[in-house]
Amino acid sequence: MIQYIIRRLIHTVFVVLAISLIVFFSIRLTGDPVAIMFQAGEPTKEAIEEVRENLGLNEPLIVQYGIFMKQLITFDLGESFRSGLPVSTMIAERMGPTVLLALGGILVAILIAFPVGILSAVKRGTAVDFFGRIFSLLGISFPNFWLGIMLIIVFAVQLQWFPASGYDGWKSLVLPSIALGMILSGILARLVRSSMLEILNQQYISTAKSKGIKDWVVIIRHAFRNALIPTTTFLGIQFGSLLGGTVIIEQVFSWPGVGRMIIDAINQRDYPVIQGGVIVLAMLMILVNLIVDLSYSFLDPRIKVGGSDK
Amino acid sequence: MEEPILKVENLEVGVKKDTGFMNIVNNISFFLKKGETLGIVGESGCGKSMTSLSIMDLTPASVSLKSGKILLKDKDLTAMRKNERRKVRGKEIAMIFQEPMTSLNPVYTIGYQIVEMIRNHQNMTKKQAYQHALNMLQLVGIPRADEILHEYPHQLSGGMRQRVMIAMVLSCSPEILIADEPTTALDVTIQAQILELMKSLQEEMNMSIILITHDLGVVAEMCDRVVVMYAGEIVEESEVHELFENPKHPYTKGLLESLPDVDEDREYLSSIKGTVPSPSEMPEGCRFAPRCAFASEKCQEDPPVFRVNQKSSCKCWLFEDSTAE
Ligand SMILES: Nc1ncnc2c1ncn2[C@@H]1O[C@H](COP(=O)(O)OP(=O)(O)OP(=O)(O)O)[C@@H](O)[C@H]1O
Ligand SMILES: [Mg+2]
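Quick note, the sequences are listed as chains Z and Y, same order. Using this note's numbering, read the first sequence as starting at 12 and increasing by one per residue. Using this note's numbering, read the second sequence as starting at 613 and increasing by one per residue.
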């Protein structure tokens with residue numbers, strides 16, 4: 012087990028290395044940060060040169076990358092071109108809201124998809140199944156920013172049940188979580204339905220019924236418990252696109268998270284903030300996948316993660 | 613004579629289609645006495661499993677009971693509400709299946725699954741239930757039972773899993789055990805052990821068994837009486853010796869002839885020509901007639917069941933001289 016985690020950590024180092032390379036060079040193709048800083052006035056050539064020198068942008072690219080990597084090894088993500096604040100401090104402030112939003116999205120997806128998927132499978136071919144499948148289709152078909160705007164119009168502007176934007180108490184989390192979780196809930200409900208259908212045909216379900224236990228116990232304890240195995244894998248894989256979704260949702264709901272910080276930083280060509288933000292999100296993604304992999308040995312006794320050593 | 617513990621009367625089971633009701637099991641009646649083993653034999657697809665699943669109320673969603681009675685002592689199971697019917701399962705009638713490899717839930721320990729069964733029907737604390745589960749595992753001859761209790765199904769062989777199934781379904785001392793080809797998936801030596809085990813437990817617990825099988829060898833070994841099914845109907849019902857020594861129905865004769873004979877050194881096995889008709893294209897009259905060597909004009913008409921002698925009855929015009937039942 013320990014060995015397995017160590018192997019995964021080494022793996023992580025390589026992934027981060029690759030991502031740092033891609034981010035570092037690709038953002039430098041997008042334009043000059045200094046030109047954007049001086050958009051308003053008419054700066055002198057000297058002023059521009061001075062800023063470039065201070066930010067270290069006059070060094071050759073390779074040297075810049077070297078400096079960036081050297082800092083990264085000591086977990087120093089540099090300072091923002093704009094505010095001069097340490098990037099790590101900026102991320103630390105915004106990580107909480109992003110993780111909260113992601114968890115909110117997953118919670119919404121699970122709360123909707125599990126009952127819908129289970130009912131669809133159990134009541135296969137009936138009206139319940141029909142509406143369940145329509146729902147999945149709708150969930151998948153609406154883009155999340157559109158859904159976000161609709162939710163704001165109906166529940167924030169018209170009904171005034173929830174705030175339209177900002178980060179202030181659990182009420183402000185509701186609409187963005189729904190907007191984020193809806194697509195996932197549509198896909199997840201389909202997966203739960205098809206897994207349940209397959210499992211309900213298994214022999215051990217007949218065995219469970221033949222024991223005379225209640226129907227819903229058979230469905231939840233025996234069938235759904237097994238459906239959790241593919242479902243968890245799927246959620247682990249989907250976590251990446253969920254994080255991608257937070258970038259958009261944070262924008263729509265003015266949510267002070269890492270995604271919105273990255274968008275702002277891209278607009279301002281604030282290189283260190285972009286680099287730091289992307290790398291931290293990637294590491295979050297890797298961490299989640301590690302947790303999912305480790306959870307298998309709890310979900311499925313047939314699987315022993317990382318071989319036999321305990 | 614002692615009243616039978618289970619009586620199936622005019623059972624019809626089938627699938628609802630747009631064109632009408634398609635019978636899978638067609639008007640069958642049989643009974644089971646206390647402590648006896650009744651064999652149900654017949655080719656694949658003749659409705660053996662559907663019959664037993666109907667008794668358990670476990671038929672697939674598309675398959676339903678059209679008419680008939682299933683009498684457990686004097687209670688009609690078909691008239692019961694779903695919830696009462698559920699309580700009969702496992703408590704009074706238990707069932708084991710053909711596939712021991714997939715019959716147990718892979719994510720729960722053996723102990724958990726047996727205890728779930730016990731606590732569902734009996735008022736026991738967890739601790740008492742685990743103790744009872746342990747006793748059951750020892751009863752069915754599982755070595756290191758106290759460890760197996762905490763192991764998962766995938767850690768056991770097929771034979772061991774079938775023993776666990778038997779331990780589980782017998783944990784609430786059911787009066788009737790339905791075993792649908794319990795040994796088909798196991799290799800020969802294990803088969804014999806499992807059958808031996810079932811027989812000894814039957815005596816110990818004074819239990820009745822319905823044993824579904826393809827294997828006439830198993831029938832000879834295990835059964836007191838036999839019901840022969842063909843295309844959803846019972847064509848012959850007979851005591852076991854009578855069946856082997858003096859089979860009545862041409863189909864039964866065919867089945868017996870297809871057994872490999874150790875004495876005669878035959879080159880090939882004679883078998884019944886043709887195949888079982890599918891439920892959607894049943895022939896008029898006697899369903900076996902198209903494959904029968906003795907078929908005549910008369911067979912255009914559906915034969916009733918004739919009681920041939922005390923030991924057997926048969927659904928064939930050849931026995932017209934006997935009294936119809
Ligand atoms: N879910 C189902 N829906 C409709 N028809 C079914 C279904 N399952 C089985 N049947 C039909 O019911 C008939 C009887 O099947 P059954 O399983 O009882 O046969 P069997 O005698 O147990 O055969 P085997 O020896 O192969 O187990 C078959 O003709 C089959 O086509
Ligand atoms: Mg069968």
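Just to be clear, a hint being listed does not mean it is correct.
Claimed, not checked - Computed cross-link-like contacts, BS3-like style, restricted to lysine-lysine with a CA-CA straight-line distance of at most 25 Å:
no. : chain 1 : residue 1 : chain 2 : residue 2
1   : Y       : 629       : Y       : 699
2   : Y       : 739       : Z       : 225
3   : Y       : 694       : Z       : 225
4   : Z       : 225       : Y       : 811
5   : Y       : 685       : Y       : 628
6   : Z       : 225       : Y       : 923
7   : Y       : 645       : Y       : 811
8   : Y       : 646       : Z       : 225
9   : Y       : 885       : Y       : 923
10  : Y       : 885       : Y       : 645
11  : Y       : 687       : Y       : 699
12  : Z       : 134       : Z       : 56
13  : Y       : 619       : Y       : 738
14  : Z       : 134       : Y       : 628
15  : Y       : 629       : Z       : 134
16  : Y       : 685       : Y       : 910
17  : Y       : 619       : Y       : 923
18  : Y       : 738       : Y       : 703
19  : Y       : 619       : Z       : 134
20  : Y       : 619       : Y       : 699
21  : Y       : 811       : Y       : 923
22  : Z       : 225       : Y       : 629
23  : Y       : 628       : Y       : 703
24  : Z       : 134       : Y       : 678
25  : Y       : 646       : Y       : 681
26  : Y       : 687       : Y       : 629
27  : Z       : 225       : Y       : 645
28  : Y       : 645       : Z       : 134
29  : Y       : 694       : Y       : 678
30  : Y       : 703       : Y       : 687
31  : Y       : 645       : Y       : 703
In short, the hints are calculated from the structure, not lab data. Computed from a predicted model, the values in this text were never measured in an experiment.
Now for the hints, and whether the structure bears them out:
Restraint check: the Cα-Cα separation between residue 629(Y) and residue 699(Y) comes to about 31 Å, which exceeds 25 Å; the hinted pair is violated. Simply put, residue 739(Y) and residue 225(Z) have alpha-carbon atoms about 22 Å apart, close enough for the 25 Å limit, and the pair holds. For the given pair, residue 694(Y) sits about 10 Å from residue 225(Z) by alpha-carbon distance, which is consistent with the 25 Å threshold. Of the pairs offered as hints, the one joining residue 225(Z) and residue 811(Y) is violated, with about 31 Å between alpha carbons and a cut-off of 25 Å exceeded.
A hinted pair counts as satisfied when its Cα atoms are at most 25 Å apart, and residue 685(Y) with residue 628(Y) does not qualify at roughly 30 Å. Between residue 225(Z) and residue 923(Y) the alpha-carbon distance is near 42 Å, which puts this suggested pair outside the 25 Å criterion. Our distance criterion of 25 Å between C-alpha atoms is met by residue 645(Y) and residue 811(Y), whose separation comes to about 16 Å. Restraint check: the Cα-Cα separation between residue 646(Y) and residue 225(Z) comes to about 28 Å, which exceeds 25 Å; the hinted pair is violated.
Distance check on the hinted pair: residue 885(Y) and residue 923(Y) sit about 28 Å apart at the alpha-carbon level, beyond 25 Å; violated. Restraint check for residue 885(Y) and residue 645(Y): not satisfied, since their Cα atoms lie roughly 35 Å apart, outside the 25 Å limit. Pair hint residue 687(Y) plus residue 699(Y) holds up; C-alpha atoms about 13 Å apart against a cutoff of 25 Å. A distance of roughly 73 Å separates the Cα atoms of residue 134(Z) and residue 56(Z); the hinted pair therefore is violated under the 25 Å criterion.
Restraint check for residue 619(Y) and residue 738(Y): not satisfied, since their Cα atoms lie roughly 36 Å apart, outside the 25 Å limit. The suggested pairing of residue 134(Z) with residue 628(Y) holds, with an alpha-carbon distance near 17 Å, which does not exceed 25 Å. For the proposed pair residue 629(Y) and residue 134(Z), the alpha carbon gap of about 19 Å is at most 25 Å, so the pair holds. Restraint check: the Cα-Cα separation between residue 685(Y) and residue 910(Y) comes to about 38 Å, which exceeds 25 Å; the hinted pair is violated.
Only pairs whose Cα atoms come within 25 Å are accepted, and residue 619(Y) paired with residue 923(Y) is accepted, the gap being roughly 18 Å. For the hint linking residue 738(Y) to residue 703(Y), the alpha-carbon distance of about 18 Å falls within 25 Å, and the restraint holds. Proximity of residue 619(Y) to residue 134(Z) is assessed by CA-CA distance (about 33 Å); at most 25 Å being required, the pair is judged violated. Restraint check for residue 619(Y) and residue 699(Y): the C-alpha separation of about 19 Å stays at or below 25 Å, so the hint holds.
For the hint pairing residue 811(Y) with residue 923(Y), the CA-to-CA distance comes to about 23 Å; that is within 25 Å, so the pair holds. For the hint pairing residue 225(Z) with residue 629(Y), the CA-to-CA distance comes to about 29 Å; that exceeds 25 Å, so the pair is violated. The straight-line distance between the Cα atoms of residue 628(Y) and residue 703(Y) is roughly 31 Å, outside the 25 Å bound, and the hint therefore fails. This hinted pair checks out: residue 134(Z) and residue 678(Y) have alpha carbons roughly 22 Å apart, not beyond 25 Å.
A distance of roughly 19 Å separates the Cα atoms of residue 646(Y) and residue 681(Y); the hinted pair therefore holds under the 25 Å criterion. The suggested pairing of residue 687(Y) with residue 629(Y) is violated, with an alpha-carbon distance near 31 Å, which exceeds 25 Å. With a C-alpha separation of about 29 Å, the suggested pair residue 225(Z) and residue 645(Y) falls outside the 25 Å cut-off, and the hint is violated. Between residue 645(Y) and residue 134(Z) the CA atoms are separated by roughly 38 Å; this puts the pair beyond 25 Å, and the hint is violated.
At roughly 16 Å between alpha-carbon atoms, residue 694(Y) and residue 678(Y) fall within 25 Å of each other, so this suggested pair holds. The hinted pair formed by residue 703(Y) and residue 687(Y) meets the criterion: a straight-line CA distance of about 15 Å does not exceed 25 Å. Restraint check: the Cα-Cα separation between residue 645(Y) and residue 703(Y) comes to about 18 Å, which is no more than 25 Å; the hinted pair holds.
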